[in-house]
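Residues per chain are reported as follows:
Protein chains: 2
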Amino acid sequence: MRASGTALPLKILAEQFARLPGIGMKSAQRIAYSMMSYTDEEAEAFAKAILDAHYNVKQCAVCQNLTDGEVCPICADIGRDKSVVCVVEAPRDIAAFERSNEYNGVYHVLHGLIAPLDGITPDKLRIKELVDRIGKGGISEVIMATNPTAEGDATALYISRLIKPLGVKVTRLAFGLPIGGSLEYADEVTLYKALENRNEI
Amino acid sequence: MRASGTALPLKILAEQFARLPGIGMKSAQRIAYSMMSYTDEEAEAFAKAILDAHYNVKQCAVCQNLTDGEVCPICADIGRDKSVVCVVEAPRDIAAFERSNEYNGVYHVLHGLIAPLDGITPDKLRIKELVDRIGKGGISEVIMATNPTAEGDATALYISRLIKPLGVKVTRLAFGLPIGGSLEYADEVTLYKALENRNEI
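Chains as they are written, first to last, in this note's numbering: chain A, 38 to 238; chain B, 38 to 238.
Just so you know, the hints here were simulated from the structure itself, not pulled from any lab data. Cβ atoms here follow ideal geometry from the backbone N, Cα and C, with glycine treated the same way. Check each hint, because a few of them may be wrong.
Said to hold, decoys possible - Negatives, chain B to chain A, calculated, CB over 10 Å:
#1 Leu45
#2 Pro58
#3 Arg67
#4 Ala86
#5 Ile87
#6 Leu154
#7 Gly172
#8 Ser177
#9 Ile180
#10 Ser197
#11 Thr208
#12 Leu214
#13 Gly218
#14 Glu225
#15 Thr227
Said to hold, decoys possible - Here are the computed lysine to any residue pairs in the SDA-like style, where the Cα-Cα straight-line distance is at most 20 Å:
#16 B:Lys119 to B:Glu52
#17 B:Lys161 to B:Lys85
#18 B:Lys85 to A:Lys165
#19 A:Lys85 to B:Leu88
#20 A:Lys85 to B:Lys119
#21 A:Lys85 to B:Glu52
#22 B:Lys85 to A:Glu79
#23 B:Lys161 to B:Arg129
#24 B:Lys165 to B:Lys201
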């Protein structure tokens, strides 16, 4: 007898969910139980979505963003300014920029940040692809848009030193108080950055 | 061009995750991205787990618990006391009882609680199966172990009135202060129940 009284296939399914980021074992069990009310079509659609995403999504030949085509829709869009490249850590960061509707350049996805302690050395990231891309010409500015963390800053600095000799302008996102935020709740480092980067009005 | 810059299969996968209880759209996207690092074997195993759980898990012919056999391991266990039946709302409640290691009887799963406003009338639950089971004889006590909520209490009362004429002892779980809890943080209803059900020491 299994002590938990849970059917084995349900247990296996819960374990699959528990491996995902942000889902604990209790939530995973609740999710697995909730899927028992799925129709055949719904269960098949979920399984198919997993396999479709796994087998059909690859990295864009130009910017390394995840896409189901050879080149991602952003790189393929003739309306986008190909001379400005925004370098981000992960595909999810592109979604954030696109939501703002303010950026009309293109992207380059590093798929990680330099973190020697975790074994992530520069050669593990898509830095070589960025250098090759700049080498082909047509790029005037590279915006380093990695997160304002120790690793994000270090990666931005590393790449900027590498590509500046290639004759492109390298910029970094501005950091300061978030819009709509309150001075009262700002942490010291953000406040310091906001002061340091103050602009004349 | 898709405004989000997200590959379509990834978007579809994220939507599947976002339908699950407790997972919002942001978490769902993060989960879908995280699965991009799965190997072929891992992706296939996840899809298979969904289909296995869907097609191989059914309700136990005796207690209506979810199982991959004809009869669940608890009902099939000759070491369990078949004369005591604990009536619960959902299969997850069985897992909770089994963890406590204190109960050696068997269960009956209602698969819901009576909630007329949500269209859940008694005939939608596995109440008929419970009555049939008692009618076959051999059951001396039925423990109503639905949650201490309005619906849980109403369901327990409804069923107890239905089965008492069949000559079985019907009991309800004790409610009071949780062990390890603090009087200071107990809500009024729990405290009232704890007072009302006080025992001589």
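So, going through the hints one by one against the coordinates:
1. Once the 10 Å rule is applied to beta carbons, Leu45 of chain B is inconsistent with being away from chain A; the minimum gap is 6 Å.
2. A cut-off of 10 Å between C-beta atoms contradicts the statement that Pro58 of chain B is not in contact with chain A; the least separation is 5 Å.
3. Non-interface call for Arg67 of chain B relative to chain A: violated, since the shortest CB-CB distance, roughly 6 Å, does not exceed 10 Å.
4. Residue-level check failed: Ala86 of chain B sits 4 Å from the nearest beta carbon of chain A, not beyond 10 Å.
5. Non-interface status of Ile87 of chain B relative to chain A is broken: a Cβ of that chain comes within 10 Å, the nearest being about 5 Å off.
6. Listed as a non-interface residue, Leu154 of chain B keeps its Cβ farther than 10 Å from every Cβ of chain A; the least gap is roughly 19 Å.
7. In this structure Gly172 of chain B is separated from chain A by more than 10 Å, as the shortest Cβ-Cβ distance comes to about 25 Å.
8. With 10 Å as the threshold on Cβ separation, the claim that Ser177 of chain B sits away from chain A holds: the shortest Cβ distance comes to roughly 22 Å.
9. With 10 Å as the threshold on Cβ separation, the claim that Ile180 of chain B sits away from chain A holds: the shortest Cβ distance comes to roughly 16 Å.
10. Non-interface call for Ser197 of chain B relative to chain A: holds, since the shortest CB-CB distance, roughly 24 Å, exceeds 10 Å.
11. Listed as a non-interface residue, Thr208 of chain B keeps its Cβ farther than 10 Å from every Cβ of chain A; the least gap is roughly 21 Å.
12. At roughly 23 Å, the least C-beta separation between Leu214 of chain B and chain A is larger than 10 Å, which holds for a residue marked as non-interface.
13. Annotated as non-interface, Gly218 of chain B keeps its C-beta farther than 10 Å from every C-beta of chain A; the closest such distance is 19 Å.
14. Against chain A, the non-interface label of Glu225 of chain B holds: every CB pair exceeds 10 Å, the least being about 28 Å.
15. With a closest Cβ-Cβ approach of about 22 Å to chain A, Thr227 of chain B is found to remain outside the 10 Å limit, as its non-interface label requires.
16. With a CA separation close to 44 Å, the supplied pair Lys119 of chain B and Glu52 of chain B exceeds the 20 Å bound.
17. In summary, the hint linking Lys161 of chain B to Lys85 of chain B is not supported, as the alpha carbons are separated by about 30 Å, beyond the 20 Å threshold.
18. Between Lys85 of chain B and Lys165 of chain A the alpha-carbon distance is near 37 Å, which puts this suggested pair outside the 20 Å criterion.
19. Our distance criterion of 20 Å between C-alpha atoms is met by Lys85 of chain A and Leu88 of chain B, whose separation comes to about 10 Å.
20. Of the supplied pair hints, the one linking Lys85 of chain A and Lys119 of chain B is violated, its CA atoms being roughly 42 Å apart against a limit of 20 Å.
21. Distance hint between Lys85 of chain A and Glu52 of chain B is fulfilled; the C-alpha atoms sit about 13 Å from each other, no more than 20 Å.
22. With a C-alpha separation of about 14 Å, the suggested pairing of Lys85 of chain B with Glu79 of chain A holds against the 20 Å cut-off.
23. Note on Lys161 of chain B and Arg129 of chain B: the hinted pairing holds, with a Cα-Cα distance of about 19 Å set against a maximum of 20 Å.
24. About 14 Å separates the Cα atoms of Lys165 of chain B and Lys201 of chain B, which keeps this hinted pair within 20 Å; it holds.
Figure legend: structure checked against the earlier numbered hints; hints not met, in rising order: 1, 2, 3, 4, 5, 16, 17, 18, 20.
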